[in-house]
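Undergrad: Each protein sequence line maps, in turn, to chains W and R. Take the first sequence: its position 40, counting from 1, is numbered 40 in the working numbering, and each next residue is one higher. Take the second sequence: its position 137, counting from 1, is numbered 137 in the working numbering, and each next residue is one higher.
No lab work stands behind these hints: they were computed from the structure. Since this is a predicted model, take the numbers as computed values, not measurements. All C-beta atoms, glycine included, are put in the ideal place defined by N, C-alpha and C. There could be a bad hint or two in this list.
[What the hints assert, rightly or not] As a list, the in silico DSS-like pairs of lysine-lysine whose alpha-carbon atoms are at most 27 Å apart:
#, chain 1, residue 1, chain 2, residue 2
1, W, K71, W, K35
2, W, K184, W, K260
3, R, K83, W, K260
4, R, K83, W, K333
[Unchecked claim] Sample of chain R residues with no beta-carbon within 10 Å of chain W, all distances over it, derived:
#, residue
5, T63
6, F129
7, G133
8, P158
9, A177
10, A205
11, P220
12, P222
13, D231
14, V244
15, H261
16, R264
17, E281
[Unchecked claim] Which bits of chain R does chain W cover? Going by a derived footprint, with three or more residues having C-beta under 8 Å, they are:
#, stretch
18, 14–27
19, 33–42
20, 47–57
21, 269–278
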Amino acid sequence: MTTNDPTAKPVAPRQLGRYQILSELGRGAMGVVYKAEDPSLTRMVAIKTINLAMQGDARAEYEARFFREAKAAGAFNHPNVIIIYDVGRERDLAYIAMELLEGTELRDIMANERIALASVLEIGAQVADGLAAAHERGVVHRDIKPANIMIVRGDQVKIMDFGIARLLTSEEHTQTGSLLGSPKYMSPEQITGRALDERSDLFSLGVVLYEMAAGVAPFSAPDVTQLMHQIGTVVPRPPSVYNPAVPPMLDLIISKAMTKDVTERYQNATELAADLRACMSKLAPDSDEKKVGSDTLPLEESKPRVDSATVKTRRSEGSYTGKTDNPMTLSRKFDSTQTLQRLSVQAREAGTENDDADAESEWSDGSEGRSSWWKNRETLWLILAFAVAVVVAVYIARY
Amino acid sequence: MDNHAPSALPRQASIVFIRIQDFARRPVGEQAELRDRLEHLVTEATSLLPADGRIVLDALDGTAIVIPQRPELALDVAAAVQKSAADLPFSIGINYGAIKAVSSATDPDDTDATLVGDGLDTARAVAEFAKPGRYLSTRTFREVLKNRAPDKVHAFGPSGTFTDLRLRTHELFVHDARFARRRRLKLFAYGTFGVAVIISLGLIARMARPDPPVPIPPPPEPIQPAILVFDIKPPAEVMLDGVVKGKTPPMTQLETSPGTHTLRITHGKFPPIVLEMDLDEGERATIKHVFAAGSKTAAAAQKAQLSRKTPQESGSLG
Numbered sequence: 001m002t003t004n005d006p007t008a009k010p011v012a013p014r015q016l017g018r019y020q021i022l023s024e025l026g027r028g029a030m031g032v033v034y035k036a037e038d039p040s041l042t043r044m045v046a047i048k049t050i051n052l053a054m055q056g057d058a059r060a061e062y063e064a065r066f067f068r069e070a071k072a073a074g075a076f077n078h079p080n081v082i083i084i085y086d087v088g089r090e091r092d093l094a095y096i097a098m099e100l101l102e103g104t105e106l107r108d109i110m111a112n113e114r115i116a117l118a119s120v121l122e123i124g125a126q127v128a129d130g131l132a133a134a135h136e137r138g139v140v141h142r143d144i145k146p147a148n149i150m151i152v153r154g155d156q157v158k159i160m161d162f163g164i165a166r167l168l169t170s171e172e173h174t175q176t177g178s179l180l181g182s183p184k185y186m187s188p189e190q191i192t193g194r195a196l197d198e199r200s201d202l203f204s205l206g207v208v209l210y211e212m213a214a215g216v217a218p219f220s221a222p223d224v225t226q227l228m229h230q231i232g233t234v235v236p237r238p239p240s241v242y243n244p245a246v247p248p249m250l251d252l253i254i255s256k257a258m259t260k261d262v263t264e265r266y267q268n269a270t271e272l273a274a275d276l277r278a279c280m281s282k283l284a285p286d287s288d289e290k291k292v293g294s295d296t297l298p299l300e301e302s303k304p305r306v307d308s309a310t311v312k313t314r315r316s317e318g319s320y321t322g323k324t325d326n327p328m329t330l331s332r333k334f335d336s337t338q339t340l341q342r343l344s345v346q347a348r349e350a351g352t353e354n355d356d357a358d359a360e361s362e363w364s365d366g367s368e369g370r371s372s373w374w375k376n377r378e379t380l381w382l383i384l385a386f387a388v389a390v391v392v393a394v395y396i397a398r399y
Numbered sequence: 001m002d003n004h005a006p007s008a009l010p011r012q013a014s015i016v017f018i019r020i021q022d023f024a025r026r027p028v029g030e031q032a033e034l035r036d037r038l039e040h041l042v043t044e045a046t047s048l049l050p051a052d053g054r055i056v057l058d059a060l061d062g063t064a065i066v067i068p069q070r071p072e073l074a075l076d077v078a079a080a081v082q083k084s085a086a087d088l089p090f091s092i093g094i095n096y097g098a099i100k101a102v103s104s105a106t107d108p109d110d111t112d113a114t115l116v117g118d119g120l121d122t123a124r125a126v127a128e129f130a131k132p133g134r135y136l137s138t139r140t141f142r143e144v145l146k147n148r149a150p151d152k153v154h155a156f157g158p159s160g161t162f163t164d165l166r167l168r169t170h171e172l173f174v175h176d177a178r179f180a181r182r183r184r185l186k187l188f189a190y191g192t193f194g195v196a197v198i199i200s201l202g203l204i205a206r207m208a209r210p211d212p213p214v215p216i217p218p219p220p221e222p223i224q225p226a227i228l229v230f231d232i233k234p235p236a237e238v239m240l241d242g243v244v245k246g247k248t249p250p251m252t253q254l255e256t257s258p259g260t261h262t263l264r265i266t267h268g269k270f271p272p273i274v275l276e277m278d279l280d281e282g283e284r285a286t287i288k289h290v291f292a293a294g295s296k297t298a299a300a301a302q303k304a305q306l307s308r309k310t311p312q313e314s315g316s317l318g
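So here's chain W without its partners, still in its complex pose (with noise of 0.2 Å):
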């Protein structure tokens, strides 16, 4: 199968079936947004188009696939979930009429400031109600990232490009084998090409919570390759590593949904908005700062919060340090820095200072020696009793 060009820009029809285009609102891989009026409601949607100019069986394949699959998305509502009114088709594009909405992408919050924990729970666990209206019904996103999570009316999550957003990429493989687009937040099972449920959603869910909480992507790498290599082998460093503020449990909900195995994960959406919101009703309420959007917090004028996490957060880009996959980290409830300190500054000294590393250190504990047999207090009875034994047999032999 082969894949739209997105360079290729489109002349913007005037008219899509019943629908008066007005304004474009944006582009992406799949084609171009629209702002439209549904002239017989008198209502504003929005029109994602998507090219079908493809050739042969792969267009009817891929034509009947989209139709299947825009229906299965359209086929129910939640408040957490866009609403699909409508899909047609008009020469070489297919489109999509759905709820206009006005908000803002998670994207764009993220970029511009730190989420307060509160908020990042709430739009998780939002996030998560609507996955599991969807998988009830069968239908898997397939593409959960902050660009598709809309913020509206300050407080309301929802999920956008339901169940087609990854058509076009056929299960995310071209024909040369390479990925579309960043493979950022998809489940391992999904860059290796195989088969996905509803645990894979899940999976691309926790990576967004963990940029929100820690503030930082759990995978980064400079090419996708890397990036695949992390996201299937690589556990991520607990979120509070970077944001100490995270609690224990949501370090613990984040793990679970990003576990690699499937077995592992959330079996469903529905246990992962519970523990959520658990993990909400178990934080402190001073422990937070203002929720995200709400009307006292101009995005504009929104500061990242001070603090020695989010300065390293945001200048490492990365928790992957590429020291090992899965490294352990200094336990936040017990303070070992001043031995930690000390162990390198000696080791450190000690590789400087000699190449053998054999010098004796301030904490060498002479392990390597020969076996000291005579700190064995059963042999040292053992020997006294045979010292007995023979003082009392040498008496026997002479007396």
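Place chain R on chain W using the hints.
TA: Just chain R now, with coordinates in the frame of chain W:
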């Protein structure tokens, strides 16, 4: 990171890894509760250690306690955790292996500061093989413990050879007090047997040795006879204790045993001379008498002269 100090050399340390079993498969609520319990246990266990003598690392499914010094302390920590976690799904792996500090010398808040190393990975892998309430150790740790605290190593017995997910093979030892008891019993048996053998050898040596010669009592001193010397004229018959001993002369003297004797000397019709004598050993008694006409009376007869000499006197006088 640019501000990271030069890489430190790896060093050896003891690592106790406490793992929550089947962690990934548990609901998050249970995970959180178990992690709280684990944290509490680790707090108790590490109270045995100086604050600058341990590093505590968190893994998702457990906690690692790194002890750079004194491997026997790792055993104490493991024992403390095991004791308190009897009813919890915690398993413990102990290893002695390479660790390396990865930290910034200039930035104490470095979030990347941690420990890495095969020592940690191995301890973690070992913990996966341990059953709840038990702890396993690697051969390396056991050897180190054997050198440092041989008394404590006897509680480890062979558990088997295990292959981890990275296909590394580990020869592991399980900690069980029964191994130590069994060894003590064995040592006691060996000791008793050894002592019995040694004492038996002593007895055998004692029995095999020839008896010392029985001391022969010195022969009793010969009893020196008392000697009766006769100076009797004319010759007379001598009877001692009723027994005729002869005539004197020719008999000039008579040896007899010391003691009381009755000497009777007779000559013809002269009244006999009867002497009751108590002779000492070696005494020399001379009886001098002359039977003459004037001595026909009994009184005269009794005038026989008797002179006595002690043996010393006899010796000195010849």
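Undergrad: Decide, hint by hint, whether the structure agrees.
TA: Here is what the structure says about each hint:
no.: 1; hint: K71/W - K35/W; result: 21 Å, holds
no.: 2; hint: K184/W - K260/W; result: 14 Å, holds
no.: 3; hint: K83/R - K260/W; result: 34 Å, violated
no.: 4; hint: K83/R - K333/W; result: 22 Å, holds
no.: 5; hint: T63; result: 7 Å, violated
no.: 6; hint: F129; result: 18 Å, holds
no.: 7; hint: G133; result: 24 Å, holds
no.: 8; hint: P158; result: 19 Å, holds
no.: 9; hint: A177; result: 14 Å, holds
no.: 10; hint: A205; result: 4 Å, violated
no.: 11; hint: P220; result: 31 Å, holds
no.: 12; hint: P222; result: 38 Å, holds
no.: 13; hint: D231; result: 64 Å, holds
no.: 14; hint: V244; result: 62 Å, holds
no.: 15; hint: H261; result: 52 Å, holds
no.: 16; hint: R264; result: 62 Å, holds
no.: 17; hint: E281; result: 42 Å, holds
no.: 18; hint: 14–27; result: holds (count 3)
no.: 19; hint: 33–42; result: holds (count 3)
no.: 20; hint: 47–57; result: holds (count 7)
no.: 21; hint: 269–278; result: violated (count 0)
Going through the hint list in order, the structure does not satisfy hints 3, 5, 10 and 21.
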